[in-house]
Amino acid sequence: DTGVSQNPRHKITKRGQNVTFRCDPISEHNRLYWYRQTLGQGPEFLTYFQNEAQLEKSRLLSDRFSAERPKGSFSTLEIQRTEQGDSAMYLCASSWGFTGGDTEAFFGQGTRLTVV
Amino acid sequence: QKEVEQNSGPLSVPEGAIASLNCTYSDRGSQSFFWYRQYSGKSPELIMFIYSNGDKEDGRFTAQLNKASQYVSLLIRDSQPSDSATYLCAAITGANSKLTFGKGITLSVRP
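Protein chains in written order, with our numbering: chain Z, 993 to 1108; chain V, 2 to 112.
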């Protein structure tokens, strides 16, 4: 396994269009996170999956955003009716977690979204 | 107050010097702390993590944690130009082990 994989690496879209990103986590990892990073800022948490269950969503995640992780494997993040403020790097991370413990999270290469 | 704060920098050191990067956090419930390195246009890459008070060394890197002062630091010994990057401090907060990041500090190592 070569790590967390994200596709596409870059996406340019017109305002108002829908976009979908994909994340393939490290295969044995049960936890999957989406973050968003804008220039000059650290990544900000968007949503979290444990296996196939979406257990937490940030207030940053408006109703235009939806994420899925069918069968607890890959995940998709969809943004509907994109706005220029959605332009950012979207990062996926995965880790192995268990009750009472954590392991380090590894990030994918990210998808850079530009809304024009 | 942001949950994780880093001095905004940037920080510039000469090649071979020790670079000291600092981070404070506000949530006393945070137990695990991470340092990520991020090159321009790339995704964060894990350098080190620390759970216990004290120092943890890995090669040229030393992470330090002081839970009483809510302070985490990263020392880079024998700094190299290839260490020039943005360094992100992160803490695990909340029940779902999500990472809360600082803004990052940009390190420049002068040849």
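No lab work stands behind these hints, which were simulated from the structure alone. Incorrect hints may appear among the rest.
[What the hints assert, rightly or not] Calculated pairs, PhoX-like style, for lysine-lysine (alpha carbon to alpha carbon, straight line, at most 25 angstroms): (1) V:LYS68 / Z:LYS1049; (2) V:LYS57 / Z:LYS1003; (3) Z:LYS1006 / Z:LYS1063; (4) V:LYS57 / V:LYS68; (5) V:LYS43 / Z:LYS1006; (6) V:LYS43 / V:LYS104; (7) V:LYS104 / V:LYS57; (8) V:LYS68 / V:LYS104; (9) Z:LYS1063 / Z:LYS1049.
[Said to hold, decoys possible] Computed beta-carbon distance windows for the label pairs: (10) Z:SER1054 / V:ARG111: 35 to 45 angstroms; (11) V:SER70 / Z:HIS1002: 40 to 50 angstroms; (12) Z:HIS1002 / V:LEU76: 18 to 28 angstroms; (13) Z:GLN1072 / V:ASN54: 40 to 50 angstroms; (14) V:ASP79 / Z:GLN1076: 21 to 31 angstroms; (15) Z:ALA1045 / V:LEU12: 17 to 27 angstroms; (16) Z:THR1095 / V:ASN67: 41 to 51 angstroms; (17) V:ASN54 / Z:VAL1108: 43 to 53 angstroms; (18) Z:LEU1052 / V:GLN32: 19 to 29 angstroms; (19) Z:LYS1006 / V:LEU76: 44 to 54 angstroms; (20) V:SER70 / Z:THR1030: 28 to 38 angstroms; (21) V:ASN54 / Z:GLN1076: 23 to 33 angstroms.
Note that beta-carbon positions come from the ideal geometry of N, C-alpha and C, so glycine has one too.
Those earlier numbered hints the structure runs against, lowest number first
1, 2, 3, 12, 14, 15, 16 and 21
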